[in-house]
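Chemist: One-letter residues, chain by chain:
There are 2 protein chains.
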Amino acid sequence: MKRSNVSNNVIRRLPRYLRKLDDLASKGEERISSDKLGRQMGLTPSQIRQDFSCFGEFGQQGYGYNIDSLRKEIGQILGTYRGYSAILVGAGNLGTALVQNFDFIIEGYSFLGAFDVDPSVIGRDIDGFPIYDVKDLGPFVREKKVDIAILTVPRHAAQELTDTLVASGIRAIWNFTNTELEVGENGPLVESIHFSDSLLVLTYHLAQLDDGEKK
Amino acid sequence: MKRSNVSNNVIRRLPRYLRKLDDLASKGEERISSDKLGRQMGLTPSQIRQDFSCFGEFGQQGYGYNIDSLRKEIGQILGTYRGYSAILVGAGNLGTALVQNFDFIIEGYSFLGAFDVDPSVIGRDIDGFPIYDVKDLGPFVREKKVDIAILTVPRHAAQELTDTLVASGIRAIWNFTNTELEVGENGPLVESIHFSDSLLVLTYHLAQLDDGEKK
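Residue numbers (this note's numbering), protein chains in the order written: chain B, 1 to 215; chain G, 1 to 215.
Just to be clear, a hint being listed does not mean it is correct.
[Unchecked claim] Calculated pairs, EDC-like style, for lysine to aspartate or glutamate (alpha carbon to alpha carbon, straight line, at most 16 Å): (1) Lys145(B) to Asp210(G); (2) Lys72(B) to Asp23(B); (3) Lys72(B) to Asp22(B); (4) Lys20(G) to Glu180(B); (5) Lys20(G) to Asp68(G); (6) Lys20(G) to Glu182(B); (7) Lys20(B) to Glu180(G); (8) Lys20(B) to Asp51(B); (9) Lys72(B) to Glu30(B); (10) Lys20(B) to Asp35(B); (11) Lys20(B) to Glu30(B); (12) Lys27(G) to Glu180(B); (13) Lys36(G) to Asp23(G); (14) Lys20(B) to Glu182(G); (15) Lys27(B) to Glu180(G); (16) Lys135(G) to Asp118(G); (17) Lys145(G) to Asp210(B).
To be clear, the hints were calculated from the coordinates, so they are not data collected in a lab.
Using the sequences and the accompanying hints, generate a full structural model.
Modeler: In structure tokens, the structure reads:
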């Protein structure tokens, strides 16, 4: 498996391919051509062939891709099912929703529990996962060598908890706080979900329609 | 203001520019060069100049961009502050978190309230906004000509509620259900937040580090 020199754009398309292939597999499809996959995803067939070729050869000329092996390959490239450990920092509405509704956090990862500052939730659980006191966050991360922290605390607490996580050797932060985190030169990987960006894209298109231009 | 023929990639970068400019403005900065902006955002100066030129001329050669007017221009292009009306469909943990924690839903939009199926929350409120019975969703959308529905219901209910929204003339759906919605040929705009995509990108980079290749 070659992996170097893969552009960020390709990497960001891989989860989309995976979702699409899961969808096709659940409909009982077994093979798909780059033409058909392209049409369904709004990409050109040559872009698809080029994306996949970054990682080796998956398809056969004129015969399409085997959906099942393509899914497995992409999953492997993305590093799912390596059992990375994850914790939730902030057991409020958003964090609770993520753990309760999104199986992907549980599947393929080793979810160890949540941390919060609120005495009324500490000691309770989310779907069976313990909620610990945030005071114990640093030692826990250090001792368990936690890979990923899912950060869903209020904005004002984001940087302080990030500092704790960084000092304790966290490897990656999945950031839902709608703020830019400072993690230093050799800090962890950070992937931020910026809800507002996506709403603004929607609003842009609405405004465009209202201004009488084509969608 | 020219707006046609703007690529999706440019549109998706605009909210990032806006966040960055807000950040700079809050630090008291007044002007910034495309060089400096590029370094801070991981883009080349020429890409920035090219992005902005899609919408007309903002900067002055050798003098940089005026942060305040650039913010206003980008906000106008994105259609913020047009007062689009929005409702929340699904007043669970995720929907509640969005309304409570993210002022952007309230600012610049006209937020009209939430809908839910659960009798124990119907008639209550989220931060002062009423929670209505989901049975009244269709007539409400039709009567108030609602622009945007924020869809935060469980996966299994997503398509049925989408059908109701589409039949009632909703103009845009902001989709948090982690499922692809079918809205038909002339259906509303849909913008989906796929949480898992972003987690997979993070996992990809972790796996890459573990495989001993460069970050």
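Chemist: Indicate, hint by hint, whether the structure satisfies it.
Modeler: Taking the hints in turn, this is what the structure says about them:
| no. | hint | result |
| --- | --- | --- |
| 1 | Lys145(B) to Asp210(G) | holds, 14 Å |
| 2 | Lys72(B) to Asp23(B) | holds, 14 Å |
| 3 | Lys72(B) to Asp22(B) | holds, 10 Å |
| 4 | Lys20(G) to Glu180(B) | holds, 9 Å |
| 5 | Lys20(G) to Asp68(G) | holds, 12 Å |
| 6 | Lys20(G) to Glu182(B) | holds, 14 Å |
| 7 | Lys20(B) to Glu180(G) | holds, 9 Å |
| 8 | Lys20(B) to Asp51(B) | holds, 15 Å |
| 9 | Lys72(B) to Glu30(B) | holds, 13 Å |
| 10 | Lys20(B) to Asp35(B) | holds, 14 Å |
| 11 | Lys20(B) to Glu30(B) | holds, 13 Å |
| 12 | Lys27(G) to Glu180(B) | holds, 14 Å |
| 13 | Lys36(G) to Asp23(G) | holds, 14 Å |
| 14 | Lys20(B) to Glu182(G) | holds, 14 Å |
| 15 | Lys27(B) to Glu180(G) | holds, 14 Å |
| 16 | Lys135(G) to Asp118(G) | holds, 11 Å |
| 17 | Lys145(G) to Asp210(B) | holds, 14 Å |
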